[in-house]
Amino acid sequence: MSEYRDPELAKKYLEEIKNTVSRPWSIMEVCGGQTHSLVKNGIIDMLPDTVTMIHGPGCPVCVTPLNLIDKAIYLAEEKGVILCSFGDMLRVPGSQKNLLEVKAEGADVRILYSPLEAVKIAEDNPDKEVVFFAVGFETTAPANALSVVHAHRRGVKNYSILASHVLVPPAIKAVIDDEESKIDGFLAAGHVCTIMGNSEYHPLSAEYKVPIVVTGFEPLDVLQGILMVIRQLEQSKSEVENQYARIVREDGNPEAQKVINEVFEIRNQMWRGIGEIPESGYAVREKYAEFDATKKYDVTIEEAPENPDCISGQIMKGIKKPFECSQFGKKCKPTNPLGAPMVSSEGACAAYYHFSGLVEA
Amino acid sequence: MCLAIPGKIKSVEMQYDGRVRMATVLFGGITKEASLEMLPDADIGDYVLVHVGVAISKVNEEEAQKTFKYLAEIGELGDLTDVDEYLPKTN
Amino acid sequence: MSENNKIRMQLQCPMPKLDFDVITLGHGSGGVLTNKLLDSGVFDLLSNDILDERHDGAFLELNGKTAFSTDSFLVSPIFFPGGNIGELAINGTVNDLAMCGATPKYLSLSFIIEEGLPVKEFWDILVAIKFACEKAGVQVVTGDTKVVEKGKGDKIFINTSGVGPIHEKANISAKNISVGDKIIISGNVASHGMAIMSVREGLEFESEIISDTTNLNHTIINLIEKFGSNIHLLTDPTRGGVATVLKEIAQSSEIGIDLKQRDFPIDEQVASACELLGLDPLYVANEGLFIAFVSESEADAVLATLHQDENGKNARIIGSVVQEHPKQVIMESAIGGKRVISMLPGEQLPRIC
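Protein chains in written order, with my numbering: chain A, 1 to 361; chain B, 1 to 91; chain C, 1 to 353.
Isolated chain A (complex conformation):
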């Protein structure tokens, strides 16, 4: 992997980007992992001023509906379930508190590397209920679906998932559709495409005349991806290209798609900060209702209003930059996030906050 971090080659890519650009371009990197790579490697500063990177809504942690976090908290606190989750979710604020605080108050909240472990925990604790907070994009859907399949196969009755899956192509469409957003090209998420393939992006690219390049996450991947978008823009092309061909196949992973279709169906989905995007999420199919935590438990929590000062929707669509928010760095900081993009290190606001260093922690 270290070859994809070669400083000499990185310099050459940056040179070539500089030499290719003839006018200002705005490029959105859709995935939080790409944002993370840009910030961590200091790439943003190294790009010429004419290239503006806009951090997209590709942070599933950021867009998980407030209501769902409250539901997870409720299950852990009131229903006494063993609430298993990826680490990312623990600091995201619900309407009152976050899962880390709930854990500190004594609820059984466990961080897991894989949802398959949660099924094992259910088997090891037959007298307790286990719920896995199944958050993610399409990349994580096969694993979450697989956990349901495993539980079903092994006759595990005390396991269910609280699912919040979001899909990338509808999000890109929503961003482009918004009149205020001015994005010239996209870096599509390599690991999402590993599962789903590239087919969904061709119609988007053709209809909206935007270049879309699927990239990996190492610095050279992202740099090559940016170069490829710029070359297309400079040549007035609008195609789908695959920078990450060592991993991504045009048709994705058919086995993974099969298991997703087995367990999930597409539905309209609420994106925190953005609103409802049609057909942009997965719900557990009726066939697997016993593994769907929303059906298994009576979890009706009132929708809590978001903090009115939080403009996360506009940030995630690239319409405003974090420092244009009135609360950025003042009331809203990583230690006291008002909205999700400040919590997750991939969120645009947190990335800007740490990156700029203008505001002291």
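Just so you know, the hints here were simulated from the structure itself, not pulled from any lab data. Some hints could be false.
If you anchor each label on the Cβ, the simulated ranges turn out as follows [stated by the list, open to error]: (1) Glu208(C) - Asp17(B): 26 to 34 Å; (2) Ile44(B) - Pro126(A): 50 to 58 Å; (3) Lys97(A) - Val22(C): 34 to 42 Å; (4) Val179(C) - Phe323(A): 54 to 62 Å; (5) Pro254(A) - Ala72(B): 29 to 37 Å; (6) Gly18(B) - Glu239(A): 40 to 48 Å; (7) Glu208(C) - Lys287(A): 57 to 65 Å; (8) Gly18(B) - Glu208(C): 55 to 63 Å; (9) Ala72(B) - Asn4(C): 35 to 43 Å; (10) Met14(B) - Lys11(A): 18 to 26 Å; (11) Thr335(A) - Asp154(C): 23 to 31 Å; (12) Thr300(A) - Lys327(C): 54 to 62 Å; (13) Lys331(A) - Lys226(C): 32 to 40 Å.
Don't be surprised by glycine CBs; every beta carbon is placed ideally from N, CA and C.
Mind docking chains B and C on chain A? Use the hints.
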């Protein structure tokens, strides 16, 4: 949702009453189990990309080299600068 | 500590025959059962002239400038690859004193034990403490044992405090840091934290990563002996990792620090484990590691000296103190870009994003 890293399959075994194909994957010296259910033709010695305990793709060695040759390739398509400058450094 | 050392320790100190298997509330109450524990041979492990007085306090003679430090240890699990909470507790305070430029001499040792802790585990912890003390050349001279109800502790908490004379050549103070100082790290980062992660439920992985917990006092005193006041500041990057400790120093001393990512020494397995779990090694806890701010002119010599030391074989210069950007730590990434190092809001959590 992106954190996935490549590793080499060290061994494969059937678990859970012979119904689930699991691999022990080697990531730079450490090993962790991953399900191979999404990659039925992956086997010992293959490099696979693993995300949250599930192998989701095989690494294509040939494609993997392209990032290093790309600049040289586009250089050959008519850039004015010296093509040799863009050849990847062999570490 | 290696497996071989562990086995050797256990053979040299076989557990005495006891008529109780677990620690109970009675063992901490100060009565018959407490004496039973004290007389059982359990505390003979730590026997020395001062401790054997069994007085309420220890009688010490301290001359000149003295350093004093305290630390509490709550690590879970209490047994992990490379060691246990016992040696962590001794090494922790020994190292804190060493960071002051002092020779650690006397330690206090307090236990808060959750009832139900198997005596065998308590014994193993004490054996580790004994050996850690011998290796560091310190004595436990006073102590305390309390037992709390089940659920009110986490198996065992340990506090150690320590004193020791400050070396006459030592002049350790953040005020001595100057622009141009080189920042040296004594070894590979993140080993301890990842050793703990490797056995943490839900995140486990197989590896040969072991905690790097060890006493650093001999190494440090050797440096001070040779370089005296050219060693401006010493600190050990325990919780929060290297990034946190450097950011704290930058802020409180109002200095600018430049670091280079590719100069950080890290074990290959530790690096892979961090990649797997989405952790930044710069924020992962360390134990047997220290950071030194040394004057520019002596930096290379300090490094050479460290390389001859068993605790400094992987030492590297990772950065320097600069005139620019006071209070900020800026790191040059693997590909040459710059990023600002900031404090994390809390403990770093594994991520999938």
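So, going through the hints one by one against the coordinates:
At roughly 32 Å, the beta-carbon separation of Glu208(C) and Asp17(B) lies within the given 26 to 34 Å, and the hint holds. Under the hint 50 to 58 Å, the C-beta atoms of Ile44(B) and Pro126(A), about 35 Å apart, miss the expected range. Restraint check, Lys97(A) to Val22(C): a C-beta distance of roughly 37 Å satisfies the suggested window 34 to 42 Å. Distance hint check: the CB atoms of Val179(C) and Phe323(A) are about 30 Å apart, inconsistent with the given range 54 to 62 Å.
Judged by the Cβ atoms, the range 29 to 37 Å given for Pro254(A) and Ala72(B) holds: they are separated by roughly 34 Å. Roughly 46 Å separates the CB atoms of Gly18(B) and Glu239(A), a value that falls within the hinted 40 to 48 Å. Distance hint check: the CB atoms of Glu208(C) and Lys287(A) are about 45 Å apart, inconsistent with the given range 57 to 65 Å. Taken as a hint, the range 55 to 63 Å is violated for the pair Gly18(B) and Glu208(C), whose Cβ atoms sit roughly 31 Å apart.
Evaluation of the 35 to 43 Å hint for Ala72(B) and Asn4(C) yields a failure: the beta carbon distance comes to about 52 Å. Between Met14(B) and Lys11(A) the CB atoms are about 48 Å apart, so this pair departs from the stated range of 18 to 26 Å. Taking 23 to 31 Å as the suggested C-beta distance range, the pair Thr335(A) and Asp154(C) conforms, at roughly 26 Å. Our hint of 54 to 62 Å for Thr300(A) and Lys327(C) is violated, since their Cβ atoms are close to 49 Å apart.
Separated by about 51 Å at the C-beta atoms, Lys331(A) and Lys226(C) break the suggested range of 32 to 40 Å.
Violation of the numbered hints given earlier is confined to hints 2, 4, 7, 8, 9, 10, 12, 13; the remaining hints are satisfied by the structure.
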